[in-house]
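Colleague: Using the sequences and the accompanying hints, generate a full structural model.
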Amino acid sequence: MYRLAKLLALSSVILSGVAWAVRPPGQTTQVDFRVFPGLAMMDGNWAALFAASDGKIYAGLAYHGGDGHLVYYDSKTDRMHDVGNVTALCGESILKRGPQSKIHARFGEGKDGRVYFGTHAGYWWDYARFGTKEGYPGAHWMAYDPKTGRVEDFGLACPNEGINTGAYDPVWNRIYGLTHPRGHFVYYDAARRVAVDKGRINNFESICRTIGIDDTGNAYGSFGEGQVFKYDPRTDRIIELPLRLPVRPKGISLGRDYDKSETAWRVVVWDDETKKFYGVDESATILFSFNPRSGEVRRLGQLCIPGFEERRDVPYATLSLTLAGDRKLYYAAAGREFDYSGSAEPATSHLISYDLKTGKTEDRGEILLPDGRRVLGTNAATTGPDGTIYLVGAIEVRPEGGKPVEAAGKIGNVYYRLAMLIFHPDA
Amino acid sequence: MSTTDWRCSYFIRTRDFGFIMRVQQTLLIVAVLAASAQPLRSQRDRGYDSSVVSQVRIDLRELGYPPIDVIPSDESAIRALAVAPDGRLYGATSGEHSHLFLLDPQHGYVEPLGTLAGARAVHHSLVVGQAGEVYIGTALAVENNAQGYEHYLGGHLLKYVPAEDTARNGIRIEKACPVVDLGIPSKGQGIYALTIDRSRGVIYGLTYPDGEFFSYQFHPGAVKIYGRVATNIMPGEKFENEKAIGRALALDQDGNVFTSGEGGRFYRFDVKTQQLEHLEIGVPAVPGREVYNRVDAWTADVDGNLYGGTSDGYLFRLNPARLAVVNFGKPLNQYRIRGLVLAHNGKLYGIGGDDDEMARLFSYDPASGLYELLGMIDVNRRPYYSWQGYVFDAMEIGLDGTVYMGQAERKSKLFLYYPQ
Numbered sequence: 006m007y008r009l010a011k012l013l014a015l016s017s018v019i020l021s022g023v024a025w026a027v028r029p030p031g032q033t034t035q036v037d038f039r040v041f042p043g044l045a046m047m048d049g050n051w052a053a054l055f056a057a058s059d060g061k062i063y064a065g066l067a068y069h070g071g072d073g074h075l076v077y078y079d080s081k082t083d084r085m086h087d088v089g090n091v092t093a094l095c096g097e098s099i100l101k102r103g104p105q106s107k108i109h110a111r112f113g114e115g116k117d118g119r120v121y122f123g124t125h126a127g128y129w130w131d132y133a134r135f136g137t138k139e140g141y142p143g144a145h146w147m148a149y150d151p152k153t154g155r156v157e158d159f160g161l162a163c164p165n166e167g168i169n170t171g172a173y174d175p176v177w178n179r180i181y182g183l184t185h186p187r188g189h190f191v192y193y194d195a196a197r198r199v200a201v202d203k204g205r206i207n208n209f210e211s212i213c214r215t216i217g218i219d220d221t222g223n224a225y226g227s228f229g230e231g232q233v234f235k236y237d238p239r240t241d242r243i244i245e246l247p248l249r250l251p252v253r254p255k256g257i258s259l260g261r262d263y264d265k266s267e268t269a270w271r272v273v274v275w276d277d278e279t280k281k282f283y284g285v286d287e288s289a290t291i292l293f294s295f296n297p298r299s300g301e302v303r304r305l306g307q308l309c310i311p312g313f314e315e316r317r318d319v320p321y322a323t324l325s326l327t328l329a330g331d332r333k334l335y336y337a338a339a340g341r342e343f344d345y346s347g348s349a350e351p352a353t354s355h356l357i358s359y360d361l362k363t364g365k366t367e368d369r370g371e372i373l374l375p376d377g378r379r380v381l382g383t384n385a386a387t388t389g390p391d392g393t394i395y396l397v398g399a400i401e402v403r404p405e406g407g408k409p410v411e412a413a414g415k416i417g418n419v420y421y422r423l424a425m426l427i428f429h430p431d432a
Numbered sequence: 068m069s070t071t072d073w074r075c076s077y078f079i080r081t082r083d084f085g086f087i088m089r090v091q092q093t094l095l096i097v098a099v100l101a102a103s104a105q106p107l108r109s110q111r112d113r114g115y116d117s118s119v120v121s122q123v124r125i126d127l128r129e130l131g132y133p134p135i136d137v138i139p140s141d142e143s144a145i146r147a148l149a150v151a152p153d154g155r156l157y158g159a160t161s162g163e164h165s166h167l168f169l170l171d172p173q174h175g176y177v178e179p180l181g182t183l184a185g186a187r188a189v190h191h192s193l194v195v196g197q198a199g200e201v202y203i204g205t206a207l208a209v210e211n212n213a214q215g216y217e218h219y220l221g222g223h224l225l226k227y228v229p230a231e232d233t234a235r236n237g238i239r240i241e242k243a244c245p246v247v248d249l250g251i252p253s254k255g256q257g258i259y260a261l262t263i264d265r266s267r268g269v270i271y272g273l274t275y276p277d278g279e280f281f282s283y284q285f286h287p288g289a290v291k292i293y294g295r296v297a298t299n300i301m302p303g304e305k306f307e308n309e310k311a312i313g314r315a316l317a318l319d320q321d322g323n324v325f326t327s328g329e330g331g332r333f334y335r336f337d338v339k340t341q342q343l344e345h346l347e348i349g350v351p352a353v354p355g356r357e358v359y360n361r362v363d364a365w366t367a368d369v370d371g372n373l374y375g376g377t378s379d380g381y382l383f384r385l386n387p388a389r390l391a392v393v394n395f396g397k398p399l400n401q402y403r404i405r406g407l408v409l410a411h412n413g414k415l416y417g418i419g420g421d422d423d424e425m426a427r428l429f430s431y432d433p434a435s436g437l438y439e440l441l442g443m444i445d446v447n448r449r450p451y452y453s454w455q456g457y458v459f460d461a462m463e464i465g466l467d468g469t470v471y472m473g474q475a476e477r478k479s480k481l482f483l484y485y486p487q
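Chains as they are written, first to last, in the numbering used here: chain V, 6 to 432; chain D, 68 to 487.
It is worth saying that the hints were derived from the structure and are not from the lab. Given the structure is predicted, the values throughout are model-derived calculations rather than measurements. Be aware that one or more of the hints could be misleading.
Derived, one-sided and incomplete: chain D residues facing chain V with beta-carbon distance under 10 Å [claimed, not checked]:
| id | residue |
| --- | --- |
| 1 | D112 |
| 2 | S140 |
| 3 | E163 |
| 4 | G294 |
| 5 | T298 |
| 6 | E424 |
| 7 | Y457 |
| 8 | E476 |
With a straight-line Cα cutoff of 20 Å, these simulated EDC-like cross-link-like pairs (lysine to aspartate or glutamate) come out [what the hints assert, rightly or not]:
| id | chain 1 | residue 1 | chain 2 | residue 2 |
| --- | --- | --- | --- | --- |
| 9 | V | K415 | V | D431 |
| 10 | V | K203 | D | D421 |
| 11 | V | K235 | D | E142 |
| 12 | D | K305 | D | D337 |
| 13 | D | K254 | D | D277 |
| 14 | V | K235 | D | D141 |
| 15 | V | K235 | V | E245 |
| 16 | V | K203 | D | E329 |
| 17 | V | K365 | V | E278 |
| 18 | V | K203 | D | D422 |
| 19 | V | K333 | V | D360 |
| 20 | V | K203 | D | E210 |
| 21 | D | K397 | D | E439 |
| 22 | V | K116 | V | E157 |
| 23 | V | K203 | D | E231 |
| 24 | V | K81 | V | D150 |
| 25 | V | K333 | V | D276 |
| 26 | D | K226 | D | E210 |
| 27 | V | K152 | V | D59 |
| 28 | V | K203 | D | E163 |
| 29 | V | K362 | V | D277 |
| 30 | V | K203 | D | D423 |
| 31 | D | K397 | D | E357 |
| 32 | V | K138 | D | D423 |
| 33 | D | K254 | D | E217 |
| 34 | V | K138 | D | D421 |
| 35 | D | K339 | D | D319 |
| 36 | V | K365 | V | E314 |
| 37 | V | K81 | V | D59 |
| 38 | D | K310 | D | D421 |
| 39 | V | K116 | V | D59 |
| 40 | V | K235 | D | E163 |
The C-beta atom is built at its ideal place from N, Cα and C for all residues, glycine as well.
Modeller: Encoded structure:
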């Protein structure tokens, strides 16, 4: 044990030395931010962030044990809007059952201008309430219409289950999802107003967190041990592709949640120029490209904070990856294992970029607010039509004497709340 | 606390490597030594362990040899299992295509035997003859409100003879299983359940969607239909189109066959009179729900008693000679008992839970009258990490006492349970 500890300590020194050498000392990335007024108790956000073509930035705010909220930030008027309590939007407030605590998956914009999404639960109570009268009734498929300000509820997506992962395809006008806990591939065909359950894809602990959709409407996800499946809307069939993603074998990490998947991609983004997906794996934040036409998967590097590359305690990958107009991928890397209030201690996120033109990875340093407060972690990123990058995550809250603390909880001993972060790449 | 991080109370607080970059080497060594002295807790939490079947008593098998020679997703739902007189376990899957597979306990792994031509469902319709020949009843689909049956020619009774399958080596996933087609027992009907009377050389069956009861005599290979166990659609909404057909058949020691049918009543095929009889005794049910209730699974003890599980989740004993039913109540706050076996330790083991519930395993000791709730069914070991089974639809016991449980989802595995 002593030898192992010594080895770990020395390797940490060496690697951290390398990490600091590649980045100018003291470099940080300053971001602007907007909090969610009246919603300080919202405790998490995963994937649910989307920049629509009209400049509105939609976010799903999670509230474990209570009702999640759908909000949007109007970048033209610089105002944050609360569309509403998701349980109420689903018409389920009277049920007194498991609430609609989250939008836990990506939004998408239809050709009709509506923003499509699916809902999700917060707690699962070790599945003791699964399928019971007090348990979660199930996710709903929905669409928000910015022209009317109204949400349409398309109904139940999957009884007793939530939409853990989702994506909208404007080509076929469908919302896709992977359910929790049973890992089913489901979709709602908004054009035909039909909900479909294609059955189980994977196990609950390794449901990939992003469905990638190419420019023709094929949907992709990962499963098993770094494998990839493809759903073709033309045939309505799922096939398992003979591909392997560059993932680190599960079981290496220390201190990570046992049930946290480490065998799938965490996030992918589609690049219309190269017709490829770019993504990171969950375990070691390995950056890869995936060409769905040729089937080629290439390892491009790692987007973790420099120094963590070979370490066993490389933080679990975040969902904060976006492709910006400057042909760079921007990724907000966690400073340590991050999961909002489930995090053991606070650490500051870094902004990492990868230039698709040059293949160069750059650590842009800790992400800080203008007043010096830290960004303690994020799990969603999107690029607006004007090139602005938006993230949602946990920002540090510093108590002020005599005032109540407006926070969702604590990470370690530090209060945090959710905020939308705003970054201009060319600034 | 994202969904995949739903038990995050076991982060190791002392292992904060994040600050290592900012301190001196001496402090680093001290810190890492301190961290290393802490117990590693990257296992799932003990609280959850208590809600699932004991992990030293359960295991699973892939349906073949991954990644290629394995029954694929969408074709792997196990809805029929049968143990041969020599101890071999046979299974049949449902989905886009049905496959037959074999597990020889001495070998330990599942061997896919090929696809069953034209079959998409094998529901509780797998029996093995005295010489080890396997009989398979196929269907288009079951419990789908009879969709597609208006143009269906009918499910086939197939026979697989292991001794004649001489080319068994090699990958069989894409190949047809070499079977003999014994014909369609009832035109336009799928086969819903089978049982076999090895001593008399006869197979009995039920059809879907109309609940016809038939026999197939090995010699001369003739089918006879005796009537229906249900004629009317169960009360329900306009989209519902199901009859209350028992989901399984039981053979008593005299050669009579039992199932359930319309109105939640037992049906008996009397082997002496060769008549299908509607009995006045009913399947245990919540009063008022009799019409929806049916027998999901059967097993028998050495004294000739039949034990059954119902769609409402009750366990009962039927004395076939006296036609006396004892209701043992519900082991679970759930619908369905979809599998039932009598283990070598004298206990009954069963699986409860409907398609949209969480399957759970239980035992019942007829000697003491005690239930034991064994928990949700998962296997927590590499490379699975809590592979959960939510839906099971077949259960058998091997000659060595191993309980086999067939997962019935799009992506399914064969579970093995080892009773104490």
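Colleague: Work down the list of hints and note, for each, if the structure agrees.
Modeller: Outcome of the hint check:
| no. | hint | in the structure |
| --- | --- | --- |
| 1 | D112 | holds (8 Å) |
| 2 | S140 | holds (7 Å) |
| 3 | E163 | holds (9 Å) |
| 4 | G294 | violated (36 Å) |
| 5 | T298 | violated (31 Å) |
| 6 | E424 | holds (4 Å) |
| 7 | Y457 | holds (5 Å) |
| 8 | E476 | holds (4 Å) |
| 9 | K415(V) to D431(V) | violated (33 Å) |
| 10 | K203(V) to D421(D) | holds (18 Å) |
| 11 | K235(V) to E142(D) | holds (17 Å) |
| 12 | K305(D) to D337(D) | violated (36 Å) |
| 13 | K254(D) to D277(D) | holds (11 Å) |
| 14 | K235(V) to D141(D) | holds (14 Å) |
| 15 | K235(V) to E245(V) | holds (6 Å) |
| 16 | K203(V) to E329(D) | violated (32 Å) |
| 17 | K365(V) to E278(V) | holds (18 Å) |
| 18 | K203(V) to D422(D) | holds (14 Å) |
| 19 | K333(V) to D360(V) | holds (4 Å) |
| 20 | K203(V) to E210(D) | holds (17 Å) |
| 21 | K397(D) to E439(D) | holds (12 Å) |
| 22 | K116(V) to E157(V) | holds (16 Å) |
| 23 | K203(V) to E231(D) | violated (37 Å) |
| 24 | K81(V) to D150(V) | holds (18 Å) |
| 25 | K333(V) to D276(V) | holds (11 Å) |
| 26 | K226(D) to E210(D) | violated (25 Å) |
| 27 | K152(V) to D59(V) | holds (11 Å) |
| 28 | K203(V) to E163(D) | holds (12 Å) |
| 29 | K362(V) to D277(V) | holds (14 Å) |
| 30 | K203(V) to D423(D) | holds (14 Å) |
| 31 | K397(D) to E357(D) | holds (15 Å) |
| 32 | K138(V) to D423(D) | holds (12 Å) |
| 33 | K254(D) to E217(D) | holds (11 Å) |
| 34 | K138(V) to D421(D) | holds (14 Å) |
| 35 | K339(D) to D319(D) | holds (13 Å) |
| 36 | K365(V) to E314(V) | holds (16 Å) |
| 37 | K81(V) to D59(V) | holds (9 Å) |
| 38 | K310(D) to D421(D) | holds (18 Å) |
| 39 | K116(V) to D59(V) | holds (12 Å) |
| 40 | K235(V) to E163(D) | holds (17 Å) |
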